[in-house]
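Undergrad: Okay, here's what each chain looks like letter by letter:
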Amino acid sequence: MKTLIAATVFVLLFGAQASRAQESPYMVTYDHYLEEPGNLEVEYFSTFGTQRGGNPFVADWMEFEYGVKAWWTTEFYIDGQSTFSDSTLLTGFRWENRFRLLQHEHFINPVFYMEYEQINDADKILKEVEGHDVESDNAEPNALARRDLNHELELKLLLSKTFNGWNFAVNPLFTKNLLPSEPWEFGYAIGASRPLSLNASANACNFCRENFIAGLELYGGLGDTESFGLHDTSHYLAPVAAWNLPSGWTVRLSPGFGLNDNSHQVLLRWGLSYEFAGFGQHISSLWGKRQ
Amino acid sequence: MRRNTIWIRTSVSLLFAVCGFLVPASAQNVGNAPATDHFDYAELTKAPAKARARKNPQEGNTEAALVGRKLFMQHCAECHGATADGGKKAPSLLVDQVQQATPGALFWLLTNGVVRRGMPVWSKLPEPQRWAIVIYIKTLGPPASRDAGAK
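Going down the list, the protein sequences come from chains A and B.
Counting in this note's numbering, the first sequence runs from 883 upward without gaps.
Counting in this note's numbering, the second sequence runs from 355 upward without gaps.
If you're looking for bench data, these hints aren't it; they were derived computationally from the structure.
Some clues are possibly wrong.
Some chain A residues close to chain B (C-beta under 8 angstroms, calculated; not the full set) [claimed, not checked]:
1. Gln904
2. Pro919
3. Gln985
4. Pro1077
5. Leu1078
6. Ser1083
7. Glu1108
8. Pro1128
The beta carbon of each residue, even a glycine, is placed where N, CA and C say it ideally should be.
Could you build all of it, start to finish, from the sequences and the hints given here?
TA: This is how it looks when you write it as structure tokens:
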């Protein structure tokens, strides 16, 4: 195990160069841009949530995002959470794939999203809100919630357009617990964002306006096949901001606010990511393909 | 030494298997082939006439070439090489096909990418930044081809 970790860290630190990221600020919404082929982006995110009828929590997750092709990005997540006055635990993993459906840029650019999740009921990262997810679901003590393990398939259609520097994205969401008795659940995420400046400066700089992207996202549940609609659903509105540093680091921040009584009042999210250029080539060379 | 290498290979293999990551398909292009032999530039000719005819709004802006150079180093050099003479993943931009292409055609290609051949779309870069990259690319060729492309 130590060797495995050491090898990975070695490749990450010394084998690959940093790549200047141009990441979107969204926490929940996806635009149509995929990871550059061969690049690996390692991301850490954290969500602090208030909880009525229970204790506040901090839910963390790690993402490993890899560009397999220019039209295919694959991503692996590890989720965990820590509830105040309760416990800290890992809550599961996710494996996500995104496929660009059209070769060129169009008026609207569709990307097909498919994810398999193996998470328990103690998962609180709220990376998406679906079906009749409500705040009270997360009030259950960890010891009880962790007993229920869910296998879920999540499908999204990522529709996105960039116009005059503005990105607009709409993501309808369809989730199925793989138990036959469970219904399909629905949700949505909508986002808009824009760099603070469309022009770049000639010098590398950390604080130039073009390095900052700000926006807004709205997301929530839409019920399920048995009771479609807005009743007993939760919804959030969240300003989002990203700071893309020339060194390859990206910092994201998003204070989210619940829009109805079923929602957490506050979801404060932040994230840190780093993109490694040419990671795939370095792994390949490790396997004996000399460059 | 050999044992260490086997350990590293096994470990990385396990890591990818566990994570569900595939050994990078893009790495299949990493061979010993010369930089530009296996690339073609046909995609440039696919730019619609309207796109090809677009003028670079930053033409003549000397600052734009410096901006373009910075952006090229940040986003393009990784594949096309720091001197734009091509790499294992992407072709040279110094050849006539590129240097004699119109700024509009280069802008179109940058915007749309060549997704099936591994070049991502770059419409996430704002338009002024993409035009600045086009200006910079045009400064890399001989003067004659620059003039030809600008016409």
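Undergrad: All the hints need checking, so say for each whether the structure fits it.
TA: To see whether the hints hold, each was checked on the structure:
| no. | hint | verdict |
| --- | --- | --- |
| 1 | Gln904 | holds (6 angstroms) |
| 2 | Pro919 | holds (4 angstroms) |
| 3 | Gln985 | holds (5 angstroms) |
| 4 | Pro1077 | holds (6 angstroms) |
| 5 | Leu1078 | violated (11 angstroms) |
| 6 | Ser1083 | holds (7 angstroms) |
| 7 | Glu1108 | violated (32 angstroms) |
| 8 | Pro1128 | holds (7 angstroms) |
The structure is inconsistent with the numbered hints 5, 7, although it conforms to all the rest.
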